[in-house]
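Dock chain to chain to rebuild the complex, using the hints, since each chain is given by itself in its own frame.
Listed here are the chains, written in short residue letters.
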Amino acid sequence: MHELSLMENVVGILRTSAAENKIKKISRIQLVVGKLTMAVPEALQFAFEVFKEEDLFKDAALEIKEEPVQGECKECRHTFAIKDFEFLCPSCSSPQVKLVGGRELYIEFYEGD
Amino acid sequence: MVKVRLAAPVLQQNEEAARENRISFQKHGIFVLNLMSSPGSGKTSTLERTIEHLAGSLNLAVIEGDIYTTRDAERIEKRGAPVVQINTAGSCHLDARMIKPALEDFDLGKLDLLIIENVGNLVCPAEFDLGEDARAVVLSVTEGSDKPMKYPLIFRQAQVVLINKMDLLPYTDCDLPLLEKELKSINPELELFQISARENTGFSPWLEWLKKQVKIKKQTADQTS
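Residue numbers (the working numbering), protein chains in the order written: chain L, 1 to 113; chain X, 1001 to 1225.
Here chain X stands alone, though its shape is the one from the complex (with noise of 0.2 Å):
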């Protein structure tokens, strides 16, 4: 009988294809967003309405990730930016593998930002990454306020919370100050904005993080090229 020694990642080709997305994003200074959050919290809404703020100052593209139909891409199509969807066809999360193909159909040489939105789940989207420069999770205060301390990792990796809903508080039982509270033990660098994306409030302080991060990824871009 023979044993090996591995200390082999799991991951590792996610990871390599991670790298390499990476790289191709540094080369071209795009700031890349993976967008998360389980489902029916208000992802797609969000997104459309960050790109009617962002239309005219800055170049933005998407790649939507499904299990299946195209309905998410035609609803962010409408709203002017160039679309991709991904059909992971059973796959709970998208993998950077899976992102490579899809950049071939944009221009990437005139891209600002790239939002990808993932699959609705707040379990599985966290362990891969895409090669993103951030992470950002949406999470409804319709879900409840014990959903950071429920799934802990995704919201250990993200940069940003989008507590969406705002407009629907009053009518839940959310405690607010409470998961904000909780949020914050579990990453105390995140960056939370209260907004409610059908009633369009609440855009502003995220607009302005978003813009920031893109300036910041085009100047150290500049810098290496």
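Same shape as in the complex, but just chain L (with noise of 0.2 Å):
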């Protein structure tokens, strides 16, 4: 249960940049989540809850976006997308394995008055 200190951050940087743009309100949030993070998405929707008292959240919408895990082999360059955690090129077999998408966790933008 680490979602609520995820989302404890993800508070504190809208409260930063909301009280930078003057923006009293916010309606939308969009939040990027790799699947290879170990935040689940309905734990995080769950935790922002909590943040719902505060006037600026108060008719927020939290929208997350999933990012699959995707590899680039090292060996031969060939992108891919990883199943079941196999690190293996599907092309040339090689272990090798970059991993280059699945780790992402930001906020993207949100919307507000």
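Pairs of lysine-lysine residues, derived as BS3-like cross-links and limited to a Cα-Cα distance of at most 27 Å, are as follows:
1) K83(L) <-> K1184(X)
2) K58(L) <-> K24(L)
3) K1184(X) <-> K74(L)
4) K1003(X) <-> K22(L)
5) K35(L) <-> K1184(X)
6) K1181(X) <-> K98(L)
7) K1181(X) <-> K35(L)
8) K1110(X) <-> K1211(X)
9) K24(L) <-> K1003(X)
10) K1150(X) <-> K65(L)
11) K22(L) <-> K58(L)
12) K98(L) <-> K35(L)
These are computed hints drawn from the structure, not numbers from a lab.
So, in structure tokens, the structure goes:
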């Protein structure tokens, strides 16, 4: 259950940015979460509810965009989707795979007035 | 209505704190290990044995992360290593900001190796960089061979897996070759060591690995200073 501390970071970033941009109410937040972070979208939504007592977030909808786990072969440069956490190039069978997607965890944008 | 594009990493603050910790470790040439596992895998017992073996050859200190109690710190203290306990009071992981104040209690100039024992949990600690040089996971055979595939991130991020409770292997259904194969498929560069903390067996290759890392860290610190 580290989703609560992740959401604390999210609302912290949003509070600062909203103050800078003179935004009083946030209506929409887009969060990008890779499938190889251990953050569960449902748990993030649940954790966000805690912060909804705050005026800034009262009417905010949290949208979570999930990104697939992707690898790039260091030998043949082939890019592919990693299934079942098997880090093996499907093209040349090399185990030298660099993780290029799936570890995303960032706020893409938010909207408000 | 205004749309604000941020592309702001959620863990930015943690990453900044981790960077500061890393600079301080680099300055003193200390090799820092983040030791992780599920509760009850034998993390503290492995650490106790490691301290015993390294006494006299390396100056080692420990940060103990637990949700509650100072029991682990008391165990470590008995082995003669300087130790600081962090109680996270409910939080399921250590983060980089918790480490910084704990460092003030050590004489960093005298240390070769700092081991941070994380909160027992295979999920959350994997997400938080503490500023360490390497990550080791203790995985006991009694937990079953399916754990790497169920909790891949922690094994993908680690450099070492210590397979513990090898003395109990005959009494479990753990498929050791399968376990090792799946660990290597998640992370082909993993170093695997089979140990029994209870029986004090299998420690030599692990200790050699640690000593080598400490030596490399010292050399890079000497070059930068």
